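Q: Spelled out from the first residue to the last, the chains are:
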Amino acid sequence: MNIYITDGTTDCFYTAVFAACTDRDCIVTSAKDFQLPLGARLVEVATDEEKCGRVRKKLRAIDGGALREISLILRRGCAEREMLALRYIRLLIEKNAPVRGMLSHPAVLEARDAIKKVTGEAHNFTGFLRFMEGENGVFYAPFSPDNDILDLILPHFLRRLANQPFVIHDVTRRKAALYNTRDCVIADTDERVSVALSEYEQGFQNLWKEYYRSVNIAQRPHEKQMKGYMPVRYWKFMPEKQDTN
Amino acid sequence: MIDAERLKILTESAKYDVSCSSSGSARANRKGGIGNAAPAGICHSFTPDGRCISLLKILLSNKCAYNCLYCPNRAEADVPRASATPDEICELTIAFYKRNYIEGLFLSSAVDGSPDSTMERMLETVIKLRKVYNFNGYIHLKGIPKADRLLTFRAAQYVDRMSYNVELPSEHSLKLLAPQKSKESVLLPMRELAAGKRALAEEKSKKKPRFLPAGQTTQMIVGASPEADGQILRLSQAMYRKFSLKRVYFSAYIPVVKHSLLPDKTAGLLREHRLYQADWLMRFYGFSAEEIAGEGDNLPEEYDPKCAWALRHMELFPVEINRAPLEMLLRVPGIGTLGAYKIVRARKFAALGFDDLAKMRIVLKRAKHFITCGGKFYGADNAATVKALLALEARGERYEQLSLFSGEGAVLPMPDAQENSEVRSGTEKRGAEARAQERFALLSTAANAESARTGQL
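Protein chains in written order, with numbering that gives the first Met the number 0: chain A, 0 to 244; chain B, 0 to 456.
Hints in this document: simulated from the structure, not taken from any laboratory. Accuracy of the hints is not assured; some may be wrong.
Said to hold, decoys possible - With a straight-line Cα cutoff of 25 Å, these simulated DSS-like cross-link-like pairs (lysine-lysine) come out: (1) B:Lys97 - A:Lys174; (2) B:Lys358 - A:Lys94; (3) A:Lys240 - B:Lys358; (4) B:Lys358 - A:Lys116.
Said to hold, decoys possible - Looking from chain A toward chain B, a few residues come up when the C-beta cut is under 10 Å (computed): (5) Arg129; (6) His155; (7) Val192; (8) Trp207; (9) Ile216; (10) Arg219; (11) Tyr228.
On a predicted model such as this, the values are computed, not experimentally measured, just so you know. The C-beta atom is built at its ideal place from N, Cα and C for all residues, glycine as well.
Produce the entire structure from the sequences given, and follow the hints as far as they go.
A: In structure tokens, the structure reads:
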């Protein structure tokens with residue numbers, strides 16, 4: 000049994016797929032703390048432009064939309080994401096045709112679920128992200144999503160807040176998108192960044208909290224529904240869910 | 000900048016408006032401006048009552064000249080009054096929008112002075128927000144009945160959505176509880192705006208102005224007056240057809256005001272929920288109001304309206320999953336729109352069995368009594384048992400799990416139903432299905448003819 004260890008990038012994954020696709024009983028993973036099964040052989044995969052290009056070309060020839068779907072699957076926060084993508088690719092190669100309509104096939108179902116989780120969370124964060132105004136006029140938004148969705152939500156905010164300099168910071172993955180109203184770059188960061196807030200910021204946060212309290216209809220409590228739509232793990236960076244005194 | 004005290008008063012007066020959607024408009028961000036509209040709409044937060052916050056829902060003023068009995072802001076009520084200036088509203092909207100708290104503004108107002116002067120102030124706010132503050136996000140404006148037509152049409156060019164609240168489902172109740180309003184004063188602007196939008200859609204010029212890209216909605220209070228669900232649904236259906244409304248919202252009556260003409264009990268969230276289910280059936284499942292409930296009937300509490308319809312039409316079921324047309328799949332209790340579309344897509348590749356449906360996350364708890372997969376049937380044998388099982392299941396959801404010794408006689412058929420589930424022959428099924436389809440076609444044409452007659456407002 001071969002274990003292919005990738006460095007987590009898409010290119011490295013496709014390089015691994017080049018061998019793993021026909022290697023029936025193998026595992027592809029990028030997890031650092033992966034526990035090796037007995038008798039397994041470790042293969043450290045180094046990115047190979049040629050192999051990766053050939054896999055991409057083949058997939059594009061079979062199904063134009065597959066590359067995007069796989070890139071979405073690889074953003075999943077769980078350790079099995081590479082295996083989900085590999086099983087989907089194997090099915091594509093086997094059928095030599097688009098397979099996304101085969102909704103009763105386990106590989107397609109898994110892939111579909113993974114994609115839905117990623118795009119669903121990206122949509123949620125177009126709403127749940129909260130900006131704070133910094134002293135220098137730059138708006139700072141920290142968040143810690145389950146999946147790697149920073150560059151999925153970025154175009155939305157670039158369109159919407161085009162004339163507002165901002166930073167969107169993925170705290171768990173330690174990277175941030177920096178935008179100065181002209182260019183946008185994604186950079187690596189520390190987990191904690193200290194930001195000096197503008198003098199108005201606290202005032203607006205208090206107004207928002209007041210609004211949040213007032214718009215609630217106390218006679219119709221339904222906390223379960225609130226938590227279903229807005230999971231507690233997202234509350235950390237939302238001012239309206241901080242100490243309401 | 001508006002202070003916390005006034006924000007509280009103006010928000011608390013606006014919160015009973017149910018409409019929260021920010022969908023239907025694709026307004027783009029212009030150069031140098033802020034904001035755009037997302038066609039699917041975005042929820043930005045959720046309050047402990049389970050509702051979403053999408054728009055900044057606020058009144059321009061809660062000083063009202065009208066005296067609608069059910070309203071907490073009515074003229075005679077002893078509540079704190081406040082108003083905001085157009086600039087205050089604009090600044091607050093922009094500040095919240097920049098921090099991604101909201102998707103846009105939902106501006107409403109009490110009738111402060113005359114309808115015309117109120118509408119003028121609202122229009123001023125909206126125009127300022129668009130032109131001075133360069134805001135391209137979503138704006139929902141509540142129309143003021145009896146305001147001048149020119150003001151209304153001017154506003155429609157700046158906002159994304161407008162709504163007039165019908166509030167009570169009949170002229171009689173409106174007269175009783177909201178003496179200054181009449182059915183016509185609410186329906187007239189809705190009709191005019193719908194006609195205006197249609198006329199503009201036919202125009203071919205490229206530079207035509209934007210006119211309510213996200214359409215109109217309305218709202219009805221349920222349970223403050225004696226109208227039955229059947230009547231409410233008929234009214235909704237007529238408005239969907241005549242005014243091309245996007246949504247009709249229902250709000251279960253909450254007794255915030257005590258008065259001898261008003262019930263002192265809330266209408267209950269279950270009734271509101273059933274009405275919304277029926278509303279979805281009309282908008283997405285091809286049902287007509289006449290099929291769902293009789294004119295004077297209320298919707299059953301024990302199961303959802305689709306189950307109720309299916310139980311009245313057991314002769315149409317079971318349907319074969321692998322062959323039934325989409326319209327019929329949509330009518331199977333327990334199968335939703337997504338499920339039906341998934342089935343239609345998946346059955347092109349392979350015939351589907353019950354285990355495939357389960358894998359596709361199609362809930363079979365209710366559906367199994369109404370479908371066959373490749374001729375196999377796993378539901379209960381007769382209509383009475385199905386009825387008992389479905390009612391029981393709904394009860395279990397609402398209260399608690401029944402124990403073996405709770406003395407409920409209706410529990411008993413359950414094991415029998417499982418054992419007796421039979422495998423019927425394919426040929427017999429095909430005949431039954433064809434008959435069912437014929438009946439379905441007859442039924443829907445009859446229903447359409449019926450609704451054409453009763454569709455008058």
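Q: Give me the numbers of the hints this structure contradicts, sorted from smallest to largest.
A: Numbers 3, 7, in rising order.
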